[in-house]
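Student: Listed below, chain by chain, are the residues.
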Amino acid sequence: MKTLVLGVGNPILGDDGVGIHVIRELRKKIKDVDFDEVSVSGLELVELFRGYDKVIIVDAIKTKQGIPGEIRELTLDNIPTLHGITPHDVDFKTAFEYGKRFIDKMPDEVRIIGIEVDKINEFDEKLSAKVSESIPKAAKLIKEDLLNGS
Amino acid sequence: MSEKTAKNNKREILISPVTRLEGHAKIDIFLNEEGNVQDAYFQVVELRGFEKFCQGRPVEEMPRITPRICGVCPNPHHMASGKAVDMVFSVEATETAKKLREMSLCAHYMHSHIAHFYALAGPDFVVGPDADPAQRNIIGVIDRVGVEAGKKVIQARAYSQKIQEIISGRATHPINNLPGGIARGISADQRKEIENMSDYLVDFGKFTLETFEDIVLKNKKYVELITGDYYRHETHYMGTVDEKNNVAFYEGNIRVVDPKGREYVKFKGVDYLKHIAEHVEPWSYLKFPYLKNKGWSGFVDGVDSGIYRVAPLARLNVADGMATPLANQAYEKMYDVLGGKPAHETLAMNWARVIEIMYSAERIAELISKPDITSRDVRNIPTRVAGEGVGHVEAPRGTLFHHYWADDEGILTKANILVATGNNNAGICLSVKKAAEKLIKNFKVDQGILNMVEMAFRAYDPCFACATHTLPGNLPLQVKVFDSDKKVIKKISRFEQ
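Going down the list, the sequences are from chains A and B. Each residue of the first sequence is one higher than the one before, counting from 1 in our numbering. Each residue of the second sequence is one higher than the one before, counting from 1 in our numbering.
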């Protein structure tokens, strides 16, 4: 099975880069899986799925009652809509639908690991403490998935 | 939504964030006592601390840092930054390096403009501005133009990414620019690969022009929408031109024309501060650049106003033509239909964008055929630090300036970046207000009208910095109604809160 794990975010925009930190942690430990660090969303994100059986996305999220550092698992069924905060794109659900219809090989399984974040409006390479603590937890969750094939 | 808003008879309408422009942006529309538009503003959330973040770093790192400002325009930031750094080190890129940088930028244009035309503007022009929101998206567009078109869009975007990746190291966050050129050139095999992809892209450019012709230009309603008065402003325009005054993306002088199309000024990018000043409004984090020698006279258009606009239509307005044959044909046709230059119809921005898709494809094909494109002479090694540098390019959404100051060791002490959307800030406010004035009368506001206001905004393809993702639900359109004491008395959203 061909699997891609994507860390999504901006590594110089504080907590927004948390997904990328998780990928860097996993890369050291796991082989035979493709990892990538990207700062894209919508169409461009979905276009990266081409040719994979399974995709795991790790991304920063901010929900109304969210607690920084909290890990939330989302699927295509329960995700309300994942809006890239980029003005030049479409929402994730629309992009995924577009991918399913027009990209030859799209993954059967997409897992989205969201990490609640706090500081995202100031350029900084550092993460806030609570968010930083979530990195090994998220990495463990993904590692178990990859090793067990669950 | 319309009924509720109308019944409340209150004076402020807030659209936040803007659908399909999912930035930290919102539009505020203030109504007068009669329920007609008094003022309309669009606002963005500021991302803080970029200059501080950059200070103390070796200035040559900037071309790799600045693409991170924005997930939408990484390539133009890489290029403008590369040019600024060349100047800081008092060294010019080699001819081959310049060609490869330009080709990478053209590939980025393809990638960006394709998304805008098919996924963002397309829903309004191909599916229709009044269509069911569930259909008004890229799927709806492709349902109209056919599944094969969808596959072509995917392929053309993939090739555009691939070309950037070959030349600039990474597709989304390019890394190849160094002071004096680029880290590595391309091989003969890579040249062949790009040549093949450029053939496809030229065909795709033709296909897109035909699609625009068939679906938009042959539909009277859409042509009226473009040429109508809704989004028309007689402003100055700014863009970059080559020595023959053709549209140029990577290198050239900046030309400004007045609302009559007469050249107002032509200057080198390095002199931008002599010609551009910035106005500050208390309600907006983003400043409002204007023509310094004209002065700021408020949010008004006309020959005496310093407001200028950038982006595809502005670029075409300031130029005498396109440097490639098929794009130039399309250019001539557009101005024939629109009744001459400059075109002030904001929605013609979408037409100009399609012409630039054609130009980008032809330009890639032209550059890849140059004999020196595989030359190994890709870098002039710098020998000294001059201390200050300005680099400018045309980003898909307009003129972009990077300005750095460095100490004797080449450590950055100060940075100023004037982005394309910043340049268009005042113009966007003009468009939003004008659309709102035409479409909101006597407190009557419905979803269709709001979409029309947003169309004005979207035409500029504005771009704000990347941040995190939010999970609000469906389209994150929110209308807040305030009473005269500025208290929110009603909140109406398209999504569950």
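Since the hints were made in silico from the structure, they are not lab data. Just so you know, even glycine gets a beta-carbon here, dropped at the ideal spot from N, CA and C. The reader is advised that the hints may include incorrect statements.
As the list claims (entries may be wrong) - 27 Å max Cα-Cα, derived BS3-like pairs, lysine-lysine: (1) Lys52(B) with Lys2(A); (2) Lys126(A) with Lys162(B); (3) Lys52(B) with Lys93(A); (4) Lys52(B) with Lys130(A); (5) Lys119(A) with Lys287(B); (6) Lys100(A) with Lys244(B); (7) Lys244(B) with Lys333(B); (8) Lys54(A) with Lys2(A); (9) Lys162(B) with Lys31(A); (10) Lys221(B) with Lys244(B); (11) Lys162(B) with Lys54(A); (12) Lys162(B) with Lys105(A); (13) Lys287(B) with Lys54(A); (14) Lys119(A) with Lys244(B); (15) Lys2(A) with Lys140(A).
As the list claims (entries may be wrong) - Listing some non-contacts, in silico: residues in chain B with all C-beta distances to chain A over 10 Å: (16) Asp28; (17) Lys52; (18) Ala119; (19) Leu120; (20) Ile138; (21) Ile142; (22) Val153; (23) His173; (24) Arg379; (25) Asp407; (26) Glu409.
What the hints assert, rightly or not - Chain A is faced by these chain B residues, among others (derived, beta-carbon under 8 Å): (27) Arg68; (28) Gln135; (29) Asn137; (30) Ile139.
Student: None of the hints should be skipped; say for each whether it holds.
Tutor: Outcome of the hint check:
no.: 1; hint: Lys52(B) with Lys2(A); verdict: 42 Å, violated
no.: 2; hint: Lys126(A) with Lys162(B); verdict: 32 Å, violated
no.: 3; hint: Lys52(B) with Lys93(A); verdict: 36 Å, violated
no.: 4; hint: Lys52(B) with Lys130(A); verdict: 24 Å, holds
no.: 5; hint: Lys119(A) with Lys287(B); verdict: 24 Å, holds
no.: 6; hint: Lys100(A) with Lys244(B); verdict: 46 Å, violated
no.: 7; hint: Lys244(B) with Lys333(B); verdict: 20 Å, holds
no.: 8; hint: Lys54(A) with Lys2(A); verdict: 7 Å, holds
no.: 9; hint: Lys162(B) with Lys31(A); verdict: 25 Å, holds
no.: 10; hint: Lys221(B) with Lys244(B); verdict: 36 Å, violated
no.: 11; hint: Lys162(B) with Lys54(A); verdict: 23 Å, holds
no.: 12; hint: Lys162(B) with Lys105(A); verdict: 18 Å, holds
no.: 13; hint: Lys287(B) with Lys54(A); verdict: 44 Å, violated
no.: 14; hint: Lys119(A) with Lys244(B); verdict: 48 Å, violated
no.: 15; hint: Lys2(A) with Lys140(A); verdict: 20 Å, holds
no.: 16; hint: Asp28; verdict: 17 Å, holds
no.: 17; hint: Lys52; verdict: 7 Å, violated
no.: 18; hint: Ala119; verdict: 5 Å, violated
no.: 19; hint: Leu120; verdict: 7 Å, violated
no.: 20; hint: Ile138; verdict: 5 Å, violated
no.: 21; hint: Ile142; verdict: 7 Å, violated
no.: 22; hint: Val153; verdict: 7 Å, violated
no.: 23; hint: His173; verdict: 7 Å, violated
no.: 24; hint: Arg379; verdict: 26 Å, holds
no.: 25; hint: Asp407; verdict: 21 Å, holds
no.: 26; hint: Glu409; verdict: 22 Å, holds
no.: 27; hint: Arg68; verdict: 5 Å, holds
no.: 28; hint: Gln135; verdict: 11 Å, violated
no.: 29; hint: Asn137; verdict: 5 Å, holds
no.: 30; hint: Ile139; verdict: 6 Å, holds
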